[in-house]
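Mapped onto mature numbering (1 follows the signal peptide of the UniProt record, and there is no 0), the consecutive letters of the sequence shown carry residue numbers -17 to -1, 1 to 203.
Don't take each hint at face value.
For lysine-lysine, the following DSS-like pairs were computed, each having C-alpha atoms within a straight-line distance of at most 30 Å [claimed, not checked]:
hint: 1; residue 1: K180; residue 2: K48
hint: 2; residue 1: K164; residue 2: K48
hint: 3; residue 1: K180; residue 2: K164
hint: 4; residue 1: K189; residue 2: K48
hint: 5; residue 1: K164; residue 2: K189
Label pairs and their calculated CB-CB ranges [said to hold, decoys possible]:
hint: 6; residue 1: L185; residue 2: C10; range: 19 to 29 Å
hint: 7; residue 1: A24; residue 2: F66; range: 14 to 24 Å
hint: 8; residue 1: G20; residue 2: P191; range: 51 to 61 Å
hint: 9; residue 1: T71; residue 2: E192; range: 24 to 34 Å
Read the hints as simulated data drawn from the structure, not as lab findings.
Idealized CB from N, CA, C, for every residue including glycine.
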Amino acid sequence: MLCTLPAFWCAVSVTSATSYIFTQAQCQMGLRLVDMGTLNAMTYGGMIASAVIWGFLSDTLGRRKIIVWGLFGTGIIEVISAFSQNFTMLLIMRFCSGFLFNGSFAVLVSYLAELHRTQLRARVILLTSLFFTIANTTLPLLAWALLTREWHFKPFGDVFATAIVPLFTGLAFLCLPESPKFLMSRGRNEEAMVIFKRIYALNTGKSPESYPVSVIRRNR
């Protein structure tokens, strides 16, 4: 659950961060009103264009891989986007950012649901809504802190203001297991058993070998 908080922050950042830089970008790039509207729409265009692709890949490659590589890819695109020198480059980067992030964000809720038992699943999904609200308050605070002040100490400039979150979130999800439900749906019951034992050991403090289930069979 703690890993999902920065993941939702990434979602807000990818879809809304452009709005906060319009004041400076309008002067530096000579953006018109239609240009600013197109930039905002381009992110959602990338998300819409990639919906079917990510749905197929998440059911083929796994939930965790899509989340990790989607977040890493988004972070890299955000870094490149920060170096944009013209409207066309910024437009392409916003499309790519939405295209890549849509996969990890769409799979995230499924991943959470599949990692929790039925009694907790609804509560977990409800908490993610709260995290999304918190993320919506942190982005304006970040913009206020960065854009309204002159920073004299800039070890990396302003490049990593929005890119650092998806990169570190991707690293965090590397430490989490694949969804056991996905593994079982692909017939990889042995791998699912290893994950169940690991979760059991973390939750109870007992040895993984004491896990009460010894065999997983698919219902016919």
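- Message: Taking the Cβ atom of T71 and the Cβ atom of E192, is their distance within the range 24 to 34 Å?
- Response: Check failed, 59 Å falls outside 24 to 34 Å.
- Query: Is 19 to 29 Å a correct range for the gap between the Cβ atoms of L185 and C10?
  - Reply: Between L185 and C10, where Cβ atoms are some 52 Å apart, the hint is violated.
- Does 51 to 61 Å hold as the CB distance between G20 and P191, or does it fail? Holds: the Cβ-Cβ distance is about 54 Å, inside 51 to 61 Å.
- Message: Check the hint pairing K189 with K48 against an upper bound of 30 Å on the C-alpha distance.
- Response: Satisfied, since the Cα-Cα distance of roughly 28 Å is no more than 30 Å.
- Query: Does K164 pair with K48 here, judged by a C-alpha cut-off of 30 Å?
  - Reply: Given that 30 Å is the threshold and the Cα spacing comes to 15 Å, the pair holds.
- Task: For the pair supplied as a hint, K180 and K48, confirm whether the alpha-carbon distance does not exceed 30 Å.
- Result: It holds: about 21 Å lies between the C-alpha atoms, which stays within 30 Å.
- Task: Would you check the hint for K164 and K189, treating anything up to 30 Å between C-alpha atoms as holding?
- Result: With Cα atoms ~23 Å apart, K164 and K189 stay inside 30 Å; holds.
- Message: For the hint 14 to 24 Å, verify it against the beta carbon of A24 and that of F66.
- Response: holds, 22 Å
- Query: Given the hint that K180 pairs with K164, does the C-alpha gap stay at or below 30 Å?
  - Reply: holds, 14 Å
In this structure, the hints that do not hold are numbers 6, 9, in rising order.
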